[in-house]
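Chains A and B are the protein sequences, given in the same order.
Take 1 as the starting number for the first sequence in this note's numbering and just add one per residue.
Take 1 as the starting number for the second sequence in this note's numbering and just add one per residue.
Please note that the accuracy of each hint is not assured.
[As the list claims (entries may be wrong)] Selected chain B positions facing chain A (in silico; Cβ < 8 Å):
1) Leu36
2) Leu44
3) Thr46
4) Met119
5) Gly148
6) Leu152
7) Tyr163
8) Ile216
9) Gly224
10) Tyr226
11) Gly234
12) Gln237
13) Gln247
14) Thr248
15) Leu249
[To be verified] Reference listing, derived: stretches of chain B covered by chain A, where coverage requires no fewer than 3 residues with Cβ under 8 Å from a Cβ of chain A:
16) 21-34
17) 80-92
18) 100-113
19) 203-213
Simulated from the structure, these hints should not be mistaken for laboratory data.
Idealized CB from N, CA, C, for every residue including glycine.
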Amino acid sequence: MTLSRLSRAVLATAVVLVLVVIYAPLAVVVISSFSSSKTFGWPPPSYTLHWWGDAWSSGGALHAVGVSVQVGLLAMGVALFLGTLLAFGLSRYRFFGRNSLSLLVILPIALPGIVTGMALKNAFEVMLGIQLGYFTLVVAHATFCVVVVFNNVRARLNQLGGSIEEASMDLGASRWTTFRLVTFPFLRTALLAGGLLAFALSFDEIIVTTFTAGAGIDTLPLWINRNLFRPSQSPVVNVVGSCLILASIIPIYLSQRLSGSTTGGRV
Amino acid sequence: MTTAGAAYLHRHPRLRLAGVLGAPLTWLVVVYLGSLSALLLTSLWTQDSFTAEVVRIWTLDNFRAVLTEPLYHEVLLRTVSVAVAVTLIDLALALPIAFYMAKVARPRVAKLLVVACLMPLWASYLIKAYAWRLLVIKDGVFEHTFGGSPGLGLVAVVMTLAYLWLPFMILPVYAGLERVPDSHLEASEDLGGRPWRTFRSVVWPAILPSVIAGSIFTFSLSLGDYISVNIVGGTSQMLGNLIYAQQTLDLPIAAATATLSVVVMAIYMLLVRRTGALDRL
């Protein structure tokens, strides 16, 4: 599109401003993690690496990371299984209620988290009498993770179309062989991207987690939320936050490599 | 799988479909729809005021309270206003950057910009809200840099939520803009359309479904949020806080309030369904 030099400049300025708005708050957390002051003060009086050492020996945070990774992996596994099947069913078959079903899949992330969280807690505790714990947490996380796997796999299946699979079966391959040798290799990166998104979604989730984790289970977001307002923990929270900000480069790098598309998979 | 079995399956597509959809459908219907229905049931029950246990006596009192008491009107109005403001701010921020990425920047730059916009999506939600707390508090970054700050409160809530959900708006708008062929923009230009007119008559109608898809996220996420409100909201209350406070005291009325937010969301989704926005989520 041909734009005048002025509108181009205005547009570029807007882009730079938005980027500043996106990154400045994150920079504040990272800079604060090096502040020598125990309480927050801006600008930091001087800089130290002390808190980074402290955080490394903070058992609570490390333990919470472990719990979050476990829950994330389990939820991701369930979501991969269910999401892939759903994507197959919805893109390869025509049946009554197909549109309602695709709406049902997105509902867990389209409705406010507090509704999902409270509904699941109520169902587990009051209706079924199940004690809240690991099991309920994984079930809850898997429920809202299904949609990201589903979205990625369905987009890829639609791209593939049915004709290559039909060709494979016409050449004598069974359904299973066709899946193993034709469909799966084509889906592999979509599965990885979807799985990665599911894991990240679970790893960062706090609202549904608050409702379904039960006492004594500490995921990283729960740990951060508990320590956010404790002045004595403020330096460690800054360090943990900085680590999370820096770690967010990993999934973005991976999803770029995996999906090959510029948006890195679908949210 | 034996050959006979495979052949049987091949002749019975319905059976194949049942095999494929059985597990996920059971999960979504039993776990998710089941829980939502249970929540609706709970909202029609009552709570014993002595034992604080939910008693299965049918009543519409919870909904009557939620619909008539001024407290709920006030909180609902405030929450919807915040959600609308957040959505508009995100749209205003997302449009220029998405347009620049999709139509102006060279492919390499565009790719880098997309990554730059996506990166914060992966950074922790709590840490981002906490970062905004550091910006707006007394003696915080804003006061030192600009000499003033909105402080903890509703304005800070709007700013923080807009910040948190921005990538959810940028992504669909960018994807929508990528789908608008450059030739359409050129055609509009050839016919004498100035940039603003081209935007209004060609670009905007084409990306509207994507904008609505983005707004479903920004709106719904704002509607149910209570944690950012705790972190940067000071004493201001939103619907999420109300539900959270109620659910330990009186579960049926909390369920009725939650149903209210589902109804708001359902109305919104029904309204936008015709635009095809739901396919772009």
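Each hint, compared with the structure:
1. Leu36: holds (5 Å)
2. Leu44: At about 13 Å, which exceeds the 8 Å cut-off, the nearest Cβ of chain A leaves the hint on Leu44 (chain B) violated.
3. Thr46: Check failed: Cβ of Thr46 (chain B) comes no nearer than 13 Å to chain A, outside 8 Å.
4. Met119: holds (5 Å)
5. Gly148: Status violated, d = 14 Å.
6. Leu152: violated (12 Å)
7. Tyr163: Holds: closest Cβ of chain A sits about 7 Å from Tyr163 (chain B), inside 8 Å.
8. Ile216: holds (6 Å)
9. Gly224: At about 2 Å, which falls below the 8 Å cut-off, the nearest Cβ of chain A leaves the hint on Gly224 (chain B) intact, so it holds.
10. Tyr226: holds (6 Å)
11. Gly234: violated (13 Å)
12. Gln237: Cβ of Gln237 (chain B) sits 13 Å from chain A, so the hint is violated.
13. Gln247: Holds, about 6 Å.
14. Thr248: violated (11 Å)
15. Leu249: violated (13 Å)
16. 21-34: That given contact holds, which follows from 11 residues of the segment 21-34 of chain B lying within Cβ reach (below 8 Å) of chain A.
17. 80-92: Not satisfied, violated; 0 residues make the cut.
18. 100-113: holds (count 6)
19. 203-213: It is violated, with 0 qualifying residues against the three required.
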